[in-house]
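Asker: Throw the hints in and build the complete structure from the sequences for me.
Chain by chain, the residues:
Number of protein chains: 2
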Amino acid sequence: MGDQVSEQTTNRLSLYLRFLNELDADGVRTVSSKVLAEQFALNAALIRKDLSHFGDLGVRGVGYVVKDLRQRLRQILGLDRRLNVAIIGAGNLGFALADYPGFRQEGFRIVALFDSLPGKVGRRSRSGVLIHDSRELERVARREGITIAVIAVPAASAQMVVNTVVEAGIKAVLNFSPGALRVPPGVKLKSVDLTVSLESLSFYLASSGDGARM
Amino acid sequence: MGDQVSEQTTNRLSLYLRFLNELDADGVRTVSSKVLAEQFALNAALIRKDLSHFGDLGVRGVGYVVKDLRQRLRQILGLDRRLNVAIIGAGNLGFALADYPGFRQEGFRIVALFDSLPGKVGRRSRSGVLIHDSRELERVARREGITIAVIAVPAASAQMVVNTVVEAGIKAVLNFSPGALRVPPGVKLKSVDLTVSLESLSFYLASSGDGARM
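Which chain is which? The protein sequence lines are A and B, in order.
Going by the working numbering, the first sequence opens with residue 1, and the numbers climb by one from there.
Going by the working numbering, the second sequence opens with residue 1, and the numbers climb by one from there.
Derived from the structure by calculation, the hints contain no laboratory data.
Careful, some of the hints might be misleading.
No distinction is drawn between identical chains; accordingly, a pair holds when it is met within one copy or between any pair of copies.
[What the hints assert, rightly or not] Straight-line Cα separation of at most 27 angstroms, BS3-like style, residue types lysine-lysine; simulated pairs:
| id | residue 1 | residue 2 |
| --- | --- | --- |
| 1 | 190 | 171 |
| 2 | 49 | 34 |
| 3 | 190 | 49 |
| 4 | 190 | 34 |
| 5 | 120 | 67 |
| 6 | 188 | 34 |
| 7 | 171 | 188 |
| 8 | 34 | 67 |
| 9 | 67 | 171 |
| 10 | 49 | 67 |
Predicted model only: the values in this text are computed from it and were never measured.
Answerer: Right, here's the structure in full:
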């Protein structure tokens, strides 16, 4: 299943889920693909196609039952299980991610921070995540059942850190470090390039004739 | 121009640019759409289409001249001007973004941090960015020519902060706070939802039969 569904589709499923969470919290019971389309400025046919990958989730004339679709999306995205996450690098970014409230809302548990600086080991993030010695990664990962590692170290040490993550048996890596990283087959690497987001704003300013005052 | 080019296209242009920077640094002189396609696991026709939006950039039988295409992409993305950026919120995330090396490489200058806590005002990030009082936003924005604001405050105060950013005349906003924000027409808002990235890894683990150990 995973190979036939593009990353763009799964990214959209995440956004639908976020909106369904809000609707459910507001007591809304059903939603049409038209309403979803308006919310995300997408084509209603695209949304129906995204959801049809996973069986017939809609009800003719009604649209989607919010609670059912929400539960199904959580299953599809693998969020109906607890996912234990480690963050490698206890700098500003590592601490920010350890305490990011959005992760916990969707069932991710940040169970450990890792750093190689002795002065940091043994301390905790504001939300209470303990900083372990990086050399303990494999042992802690097995004990805590860590399945996702987040890389929040400087670019110069990122590839070395990813190698130790892979050796520790972790199969999914979220990378915030600039620059390309290599992982072996069977390990999924996703990189968040923060500069891409800023450049899309720069493009907007350039093409709208507004922008930088030199 | 801006309205006819999708955000997905501009995001791809950013990725092409990053790769062209590497090629240029390595002394590579020309590149084909086929090589670009392999690098990004995209269709060569899609890449040619992306680039054809902006005039005829390729040379038949040669592909693209790296230096020329790089310079043209920088122009298209509005990176041939200095773009001054403010970060609102001097917490862990704000500091991490202020010192993120990838921004400076592409010509973004983080010129100010803002926070409302008196104990933080007057201090500096590791790279030397000064923290101003949030009430000074409009004055500092005009003086420093700030055109992009990055929102790195807790969700509860994010909408209020965005409102003051808009009042200060800033037309482009990059939001890291979870939850939906509203901006008036003429202001471009781009939100980075860090949870979406983690969920795409969760989907991979779920669909590959690996994943959480309960």
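Asker: Does each hint hold? Answer for all of them.
Answerer: Here is how each hint holds up against the structure:
1. 190 / 171: within (11 angstroms within a copy, 30 angstroms between copies)
2. 49 / 34: Within. Shortest intra-copy distance 13 angstroms satisfies the 27 angstroms Cα cut-off; inter-copy 29 angstroms does not.
3. 190 / 49: both (24 angstroms within a copy, 25 angstroms between copies)
4. 190 / 34: Between copies only: 23 angstroms across chains, 31 angstroms inside a chain, cut-off 27 angstroms.
5. 120 / 67: neither (43 angstroms within a copy, 44 angstroms between copies)
6. 188 / 34: between (33 angstroms within a copy, 24 angstroms between copies)
7. 171 / 188: Classified as within: same-chain Cα gap 6 angstroms, cross-chain 36 angstroms, threshold 27 angstroms.
8. 34 / 67: within (18 angstroms within a copy, 45 angstroms between copies)
9. 67 / 171: neither (31 angstroms within a copy, 37 angstroms between copies)
10. 49 / 67: within (20 angstroms within a copy, 41 angstroms between copies)
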